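Visitor: Chains as they are written, first to last, in my numbering: chain A, 1 to 748; chain B, 1 to 748.
These are calculated hints, taken from the structure and not from any lab test. None of these values were measured; they are calculated from a predicted model. Treat the hints with caution; some may be incorrect.
Straight-line Cα separation of at most 27 Å, DSSO-like style, residue types lysine-lysine; simulated pairs [stated by the list, open to error]:
1. A:654 - B:87
2. A:501 - B:269
3. B:189 - A:189
4. B:414 - A:414
5. A:351 - A:303
6. B:373 - A:426
7. B:414 - A:373
8. A:190 - B:414
9. A:351 - B:269
10. A:298 - A:316
11. A:351 - A:414
12. B:87 - A:190
13. B:269 - B:426
14. B:412 - A:426
15. A:414 - B:654
16. A:414 - B:88
There are 2 protein chains.
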Amino acid sequence: IVKREVVRVVTPGLVTDTDTLEPKENNYLLAIAAEDDVYGIAHIDITTGEFRVTQVQGLTQVESELGSLRPREILFADGDASVDVRKKLAGVIDGMMLNLLPDWVFEIEYAADQLTTFFGVSGLQSFGCQDLPHAQEAASAVLYYLQQTQKDELRHIRPLQTYHTRQFMVLDDATRRNLELTATLQEGKKRGSLLGVLDRTVTAMGGRMLRHWIHYPLVDQQQILKRQQAVAQLVDDSLQRIELIEALDGVYDLERLNSKIAMASANAKDVAALRTSLQRLPRIDDQLLVFAGGEYLKELRAKIDLLPELVDLLEKAIVDDPPFVLRDGGIIRDGYNEELDELRSISRDGKSWIARLEQEERERTDIPTLKVKYNKVFGYFIEVTNKNLDRIPEDYQRKQTLSNAERFITPKLKEYESKVLGAEEKLVELEYNLFQQVRLQTAAEGRRIQQSADALAALDALMALADLAHDRNYNRPTIDDSGVLNIEAGRHPVVEGMPLKEAFVPNDVELDNEKNQLLIITGPNMAGKSTYMRQVALITLMAQIGSFVPAENAHIGVVDRIFTRVGASDNLAKGESTFMVEMNETANILRHATDKSLVILDEIGRGTSTFDGVSIAWAVAEYLHDNPAVAAKTLFATHYHELTDLALTRERVKNYNIAVKEWNDQIIFLRKIVTGGASRSYGIQVGRLAGLPDPVIKRAKEILQNLEAGEFGKSGEPRLGESRNKPKKQPSSQLSLFNTDADDVIRT
Amino acid sequence: IVKREVVRVVTPGLVTDTDTLEPKENNYLLAIAAEDDVYGIAHIDITTGEFRVTQVQGLTQVESELGSLRPREILFADGDASVDVRKKLAGVIDGMMLNLLPDWVFEIEYAADQLTTFFGVSGLQSFGCQDLPHAQEAASAVLYYLQQTQKDELRHIRPLQTYHTRQFMVLDDATRRNLELTATLQEGKKRGSLLGVLDRTVTAMGGRMLRHWIHYPLVDQQQILKRQQAVAQLVDDSLQRIELIEALDGVYDLERLNSKIAMASANAKDVAALRTSLQRLPRIDDQLLVFAGGEYLKELRAKIDLLPELVDLLEKAIVDDPPFVLRDGGIIRDGYNEELDELRSISRDGKSWIARLEQEERERTDIPTLKVKYNKVFGYFIEVTNKNLDRIPEDYQRKQTLSNAERFITPKLKEYESKVLGAEEKLVELEYNLFQQVRLQTAAEGRRIQQSADALAALDALMALADLAHDRNYNRPTIDDSGVLNIEAGRHPVVEGMPLKEAFVPNDVELDNEKNQLLIITGPNMAGKSTYMRQVALITLMAQIGSFVPAENAHIGVVDRIFTRVGASDNLAKGESTFMVEMNETANILRHATDKSLVILDEIGRGTSTFDGVSIAWAVAEYLHDNPAVAAKTLFATHYHELTDLALTRERVKNYNIAVKEWNDQIIFLRKIVTGGASRSYGIQVGRLAGLPDPVIKRAKEILQNLEAGEFGKSGEPRLGESRNKPKKQPSSQLSLFNTDADDVIRT
């Protein structure tokens with residue numbers, strides 16, 4: 001087989017060869033227009049035609065957008081103004097391709113003019129960005145770049161959509177990563193992330209839609225309820241839902257097929273895939289009828305365009321299973337075009353004539369091994385082995401000599417050959433032209449296909465949420481603006497599905513702005529503090545994308561933003577220590593949180609000495625409590641048991657701990673959150689679980705005894721003193737501060 | 001343009017389309033044969049033909065190999081035996097494609113037979129794996145899989161190489177990641193890693209070789225010195241080195257080109273790239289003559305095969321800049337083949353004849369707008385616009401009617417056409433066949449090309465090391481088996497090159513097994529403890545790959561293994577807390593370190609309560625000191641200032657700290673390691689640097705004063721008490737334990 005390559009230079013943001021892209025991820029090209037800390041951000045996925053724009057204030061918001069969109073390529077103005085912005089964004093845009101466009105492309109007059117011309121509108125009101133000059137500039141830059149690189153293949157670009165980041169919950173990049181929304185922290189994989197659990201979509205467009213929802217949770221109560229209602233309908237009617245999922249399952253990526261067809265890079269297989277997909281629409285439409293009582297599903301059904309004429313055309317024109325290659329024929333169905341049918345019949349007859357000829361010539365020459373063969377250089381010829389050469393007739397013309405045979409042609413053979421081969425050549429050309437026509441006719445329906453694709457994507461995402469909710473016994477949360485976060489028997493959506501040895505233990509949370517604003521959470525290592533806190537954040541986020549949640553009951557007052565300070569690794573390349581990263585993130589929280597925010601703080605102060613750490617953790621907690629501007633609902637996990645004293649002086653601070661049970665010098669994790677502070681951390685027991693050698697464990701216990709015996713120097717350092725060669729038997733009771741009776745452990 | 005696609009299903013380990021692969025990374029398919037905790041590991045890169053095998057004891061070693069090779073696809077036996085292994089490796093092999101082969105493929109009789117047959121040898125002695133049954137089984141599995149999937153395109157597979165992990169420094173996967181050898185921790189990028197600094201290679205094969213060296217540092221003193229000497233020669237002669245680099249710069253990826261040619265997937269551009277590369281060899285060979293005094297470079301020069309006959313053939317046969325596509329001609333140079341030249345002349349004459357015809361017909365018919373045109377359906381024809389139709393001669397035969405013109409043919413035109421078109425078709429076919437012949441002749445020299453490629457790869461890697469050493473003032477370390485690690489004025493190779501605000505401050509280290517075995521390193525946050533420790537590890541590693549090192553002087557006693565316990569993030573998916581991960585890694589170190597190892601411990605015990613943490617850290621340090629089996633040279637950074645007391649009772653423990661200077665309540669980092677322990681951590685000052693709001697900073701200081709005033713409860717928790725509304729002025733002297741005079745700060 002010969003491999004044919006087409007040389008095409010594409011930049012990362014302009015990849016149209018969808019085979020090399022993740023089906024369930026978008027591939028964005030993004031432009032940033034900046035002036036006076038206001039930024040226009042436009043992004044496009046040319047494989048789906050989606051083209052959106054926003055305008056934001058402050059670089060943090062730009063970083064957040066870059067974090068959720070993860071573009072492959074970014075456009076900036078070439079001028080000095082953008083140098084500073086690029087420098088500040090260096091850490092975020094590292095690894096994305098940058099392109100600098102002339103400054104004038106970003107000028108507002110040019111931008112507005114370019115947008116109205118391209119979309120053929122008189123003003124930008126219909127796009128909603130008439131008052132957002134930098135948004136227009138960014139969009140213009142995207143269009144300019146496309147026009148420079150893609151020439152005229154831009155018919156599939158969809159009308160510009162303006163969105164506003166205030167319509168969505170704010171998630172900074174650290175939080176997106178810490179909560180493992182779409183990728184795990186350690187390996188960057190979808191499996192093990194929230195999306196990994198939620199994504200039961202069966203189409204690529206549904207997958208992209210769900211990913212988008214997770215990155216942009218809603219804050220408008222009505223919008224949340226609208227989605228939630230649709231999910232509820234689909235949860236309730238499992239039979240219908242399963243039917244619908246089955247119907248959707250065969251639908252290909254309409255968005256990308258549509259773009260390929262518009263850009264004329266679609267082959268016959270693509271067009272056939274579109275046909276297969278469209279053929280499924282009536283069944284989906286039918287099944288949606290059941291849910292017509294609900295606003296959102298009704299809306300989606302209305303948007304699905306069945307395109308019967310197009311389906312009819314494709315069924316008549318294209319064979320069932322066309323080949324990839326366009327130039328070898330076999331694409332157009334018999335009966336679609338008269339001329340084509342005629343040429344096909346000539347070609348077929350010709351071939352059988354030649355087969356007959358072989359028989360005739362064998363009889364005429366009496367050479368039973370005579371063969372009529374074909375190759376590309378000589379066309380048809382007659383081959384006779386050397387020992388039969390004496391028998392060849394006079395009208396044979398010698399053409400080629402092989403070692404053991406000779407090849408001949410006859411005028412009759414050549415005449416017929418030219419007829420057959422001519423027909424085949426014309427046939428292929430005609431098929432190709434006919435296919436191009438069908439493709440053009442299909443492309444003309446692009447807008448209608450796109451509309452159906454939009455509806456199917458949302459439907460698929462809703463069904464994914466519903467299917468999961470049903471299988472995992474999620475419940476419908478109450479959504480309002482009460483400022484309350486009450487969760488009963490909540491579970492971590494990812495961890496509960498892991499194949500772990502122990503069953504997942506559900507836990508409650510009660511947070512509000514009046515009595516339970518700041519929860520100090522203590523408890524030993526491994527008890528599950530991090531899991532618990534992330535679970536609260538994830539349940540809140542899921543509720544705000546319209547999903548059901550893994551909890552028996554949930555009352556979610558809409559949250560404007562989730563902050564997390566969880567773990568950290570240092571960034572030597574930036575010259576920042578682990579502790580510096582931790583303090584940076586903490587400062588960001590204290591400066592931007594509001595009383596509508598949810599804050600997750602894990603082990604603040606861990607990266608420094610004990611006294612410094614305690615002092616900082618204490619002061620941060622007080623600030624979150626005392627300063628009304630940042631009185632965010634907060635979960636504050638710490639190993640500094642000193643912090644439990646805060647509840648004595650601060651009314652909205654409550655202490656919780658995760659219960660454990662001590663048993664024969666082992667610890668059993670009960671995974672249950674209970675009120676009150678913990679007094680021990682069981683670090684040494686965990687060390688043993690992890691396989692520290694026995695002498696190390698023994699010696700650590702001995703040192704711990706010394707410490708607990710209160711041998712301190714004047715500046716607070718314990719005097720560790722000498723090893724006690726024979727550990728006293730007596731202190732063993734001192735080691736077990738907890739009673740071994742579980743009922744006593746869970747002190748409420 | 002019509003896009004032609006070739007449908008080919010390839011698994012991740014079998015990608016041969018090198019355009020989709022990283023040029024400087026290998027793409028491995030790997031097989032594991034397991035029995036009784038002994039493992040055979042075979043891996044192959046089919047794009048380079050490299051095929052290697054080893055046999056190891058214990059899963060940790062398997063994990064280490066997987067960590068350095070990062071295969072895309074793994075083969076296991078289908079039987080029950082492998083289930084357990086796969087389960088234990090789950091975390092490591094997640095994301096790699098697994099394939100289960102029949103059990104009998106892994107049987108030793110089959111394996112040995114298959115290997116000897118494939119390589120056409122009578123025994124496996126020449127490969128060095130005759131006594132390693134599991135290695136043979138793994139290699140056999142790889143071959144079996146290739147034969148099932150690749151059919152007969154296996155001529156380029158190179159003879160099996162056996163390697164032994166004991167020939168290399170052991171690096172576990174955590175250490176590879178913590179030291180950021182080939183990718184950064186945070187973003188997984190090459191830029192910012194050790195490889196990012198070292199990789200000045202100019203060829204893809206050199207890049208792969210250098211990556212391999214970094215993952216497999218040497219432990220044999222002679223081998224290290226051999227490489228080091230070659231680097232030294234290249235450092236010393238900069239003029240010659242630069243010439244050599246220039247000469248190498250135009251060499252393409254000979255390994256992958258060679259494989260493509262062997263697998264017949266090479267196009268004419270590939271063959272031309274091979275030619276260009278080979279043409280550079282004489283220059284390289286010449287320039288290497290200067291270095292003939294050195295053993296390694298002399299050896300490499302001897303391995304470079306100039307292949308003059310092949311270069312001659314390629315120069316004569318292939319045009320300067322051939323097209324990608326093989327079937328459109330234009331590949332073979334004029335003069336290479338008589339028949340081809342003849343066909344080309346017919347084709348050219350035909351075209352000019354047709355051009356002349358247009359002129360003649362215009363004159364004959366007196367229609368100045370008459371045109372001779374061509375299309376694929378009708379071939380050549382004469383087009384006459386409607387208003388001139390009355391002037392057409394009788395011999396014109398009407399062929400097609402357009403809206404404003406008619407198209408005609410004449411017998412003369414058709415006769416000539418068939419001659420021209422026939423010639424062109426034959427021409428293309430002949431060119432294709434000739435190219436195939438050239439490709440076959442080239443493939444026949446595969447072994448010799450491979451040998452040159454090997455030599456060039458090593459040469460490139462050596463030059464990269466030399467070039468860097470020269471530019472960055474690295475020095476040649478002394479290598480021996482003394483067990484000493486003495487570094488004077490060492491720098492962190494990555495951090496020193498970062499565009500940071502302050503100049504990098506070099507530091508010494510003195511480690512040995514007699515007096516300075518365990519260094520306790522204290523000092524405030526951000527002072528650079530982590531950078532310092534990693535720098536010691538990286539300098540050691542660089543020395544053992546044969547590189548010069550960023551230090552004024554270095555005396556490196558060969559190290560068998562580097563262990564690191566640096567930072568960590570939790571792994572919720574595995575149900576492991578941050579602290580558990582930390583303890584696991586620590587246990588691994590205590591169980592496997594020897595007195596030849598280098599151990600880096602950063603903040604052991606951080607993830608638990610203070611008392612537990614101190615106890616564990618203390619016990620771990622004692623164990624490393626006291627237990628002769630694990631008396632590894634250790635750098636032990638900690639915030640527990642209590643640990644500095646260890647030096648009082650343990651003779652090989654020394655205290656160091658990283659100096660800072662306090663100035664107007666600010667801290668200035670001096671970045672200098674000095675003897676003695678630190679007493680403060682300056683966490684609050686770092687908090688201010690990071691932007692914590694002022695009230696938080698003030699309050700934290702107040703709490704710190706309370707703590708330092710020694711208000712402790714009976715179990716060691718400080719009583720934080722009430723806020724002092726007016727912070728006393730007096731304790732400010734207490735805050736600055738360091739004198740503000742820098743000379744005093746550096747207490748030695």
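Visitor: Check each numbered hint from earlier against the structure, then list the numbers of those it violates in ascending order.
Guide: Numbers 1, 2, 5, 8, 9, 10, 15, 16, in rising order.
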